[in-house]
Amino acid sequence: MSVAPQTVHPTTLRRVSSARRVADEIDSIEIEAGEEESAVARRICERLPGIPVHVVDNQRNERARDFSAGKRVLAVQRHRGTFLQHCPAGTTGMVCCNYLVINFASNCPFDCSYCFLQDYLANNPSLKVFSNPGDGLAELDGVLRQHAGRTLRIGTGELADSLALDPLTDLSGLLVPFFAARDNALLELKTKSTAVDSLLKLDPRDRIVVSWSVNARSIIAGEEHGAASLDERVEAARRVQQAGYLVGFHFDPLIAHADWEEGYRDAVESIFSSLDTRRVAWVSLGSLRLTPRLKAAIRRRHALGQVLTGELVPGADGKERVWRGLRLQMYRRMLEWLRAVDASMPLYICMEPVGVWEKVFGEAPSDRDVARRLVAQRT
Amino acid sequence: MDETIERQIRAYASERRFHSETVDRWLAKADEDVVALWELTRELRLGENQLRDLWDWAEEIAARDRKTIAAVFDSEPVRLALRSPGGRNDRVKALKSSLRRLRFPSLTKAQDRIGELVASMHLPPAVRFTVPDLLEGDDVRVEIVARNPAALAAAARSLADAASAPACGEIFELLSGTPDSSSSD
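Keeping their order, the protein sequence lines are chains A and B.
Be aware that the first sequence starts at 1, since it is given in this note's numbering, and climbs by one per residue.
Be aware that the second sequence starts at 1001, since it is given in this note's numbering, and climbs by one per residue.
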């Protein structure tokens, strides 16, 4: 496939600049045969001039591809299954927030050492963007019509970073108007990037929450390879909040490292000092959790850092977490600092049993109550 | 690295049928760590799984504390464990225990404190008081063994006394993750 040279217009310089950051991480583009003329494929090729483009059979076997190498291949392909799924974090025995995920992409250009995708996508590692997002929105439209009496929280940031590839795909240009026109859904765009320029031109009408996964500065510097710094994320949050978006923050994974108290307190203060906390949709807390296979993948792919050296022990679900006493202490301290910022900010914990909720919040709401509170409080 | 040591390691690993990945990983370490692991392996005649368990913990302690694996094995608690009385199995057990303490300082501190508190309640042998494995839970388990009503009543009285003692309250606080329970200082 040939790609015409692109003329860069002054008004698009900023976006192209973001695209170039992503482009530095991409070695080649693979487009599924038959999808070459899709809007997504054309846009990506236009915005990544000079990157080799290959048209490939969709049956190719990716198993031989190393995970790191896979991240450097941007694949555009048709998605053939259902787009909308329940959040995989909803596990038996854990309090669940009834979150739904809709997948328009798979894998992430960043390389956080603790990322579960290293295991989850081990056999399917290329950085994928689906060429038929319209099919996903049509599916979602049907679901929203079926459940007109309920407000659903839906995110695109489970198997991918919601915004990191937006400078290439402009997916936000489809998603924001779609959700802004509906009154029974909230879209969460979850990211570790600063790629918010496209959002600033759109009207979210209080149906979009742009959220950032955040961490202590030393964890970001040592473990979140390629992702934006804490200050860059906060600045991006400030910009989208000024543009009318609700924002959210996910302190997940909380990692018990040396000086974690100072690190997380600083993160809380740094984040909320420049934001209007009345326009924060939610804040979540989640402890680092590792399956045995993920732990093995981390050991194989990364230097022993702050992730694997915590006091991690296996729990009832087979995942290792920092031992419960320390975990509870971390949650309580976070709660204390967050409440001091604004006692009314909606908070929840991800993937913890009733007993932990009771110890931290003094109550254990039902799954449905957690979900209802999160959509009711700021919208 | 001393070729003699590399030959000795390869011969030992071959004799014990270690996986080649283990040997490669071993020999890729810094020289002083290769030697420290060899001395430990030779002295305790470690099998591959035993070696890997001890090695993983020592490596994680070393990464956390920014020291070498050799320095971890040369630390006072580990040297004491290696000099502990008894046979090879006892010394392996003592070594594992000492490394576990270094690897999980706040957890072992809380477990030690709970052990002290349980002992201080002076429960009779007929009453067994157990906390969750690795302290992952709120619930304690109490088991009473009695052969007749009088023994059952005596055990229940002891248990009631223990339940109202401050030690019992502190045990539940530790399971709830009070700040003191998590400090490794």
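Fair warning: there could be bad hints in the mix.
Claimed, not checked - Here are some of the chain B residues that sit facing chain A, going by a computed Cβ distance under 7 Å:
#	residue
1	Glu1060
2	Ala1063
3	Phe1104
4	Leu1134
5	Asp1138
6	Ser1176
What the hints assert, rightly or not - Quick list of the computed label-pair ranges, beta carbon to beta carbon:
#	chain 1	residue 1	chain 2	residue 2	range
7	B	Arg1045	A	Gly50	23 to 29 Å
8	A	Asp369	B	Pro1105	53 to 59 Å
9	B	Ala1030	A	Gly50	31 to 37 Å
10	B	Asp1074	A	Leu84	55 to 61 Å
Simulated from the structure, these hints should not be mistaken for lab results.
Glycine is no exception: its CB is placed at the ideal position from the N, C-alpha and C atoms.
Verification of the supplied hints:
With a least beta-carbon distance of about 5 Å to chain A, the hint placing Glu1060 (chain B) at the interface is held under the 7 Å criterion. About 4 Å separates the beta-carbon of Ala1063 (chain B) from the nearest beta-carbon of chain A, less than 7 Å, and the hint is met. Given hint, Phe1104 (chain B) at the interface with chain A, holds; its Cβ is 5 Å from that chain's nearest Cβ, closer than 7 Å. The interface hint given for Leu1134 (chain B) is met, as the beta carbon of that residue sits about 4 Å from the closest beta carbon of chain A, less than 7 Å.
Interface hint at Asp1138 (chain B): satisfied, since its Cβ lies 5 Å from the closest Cβ of chain A, which is below the 7 Å cut-off. Here the hint on Ser1176 (chain B) is kept, as its CB sits about 5 Å from the closest CB of chain A, short of 7 Å. Remark: the range hint 23 to 29 Å for Arg1045 (chain B) to Gly50 (chain A) is contradicted by a beta-carbon distance near 60 Å. Roughly 38 Å separates the CB atoms of Asp369 (chain A) and Pro1105 (chain B), a value that falls outside the hinted 53 to 59 Å.
Checked against the hint of 31 to 37 Å, the C-beta distance between Ala1030 (chain B) and Gly50 (chain A) comes to roughly 42 Å, which is inconsistent with it. For Asp1074 (chain B) paired with Leu84 (chain A), a C-beta distance near 57 Å keeps the hint of 55 to 61 Å intact.
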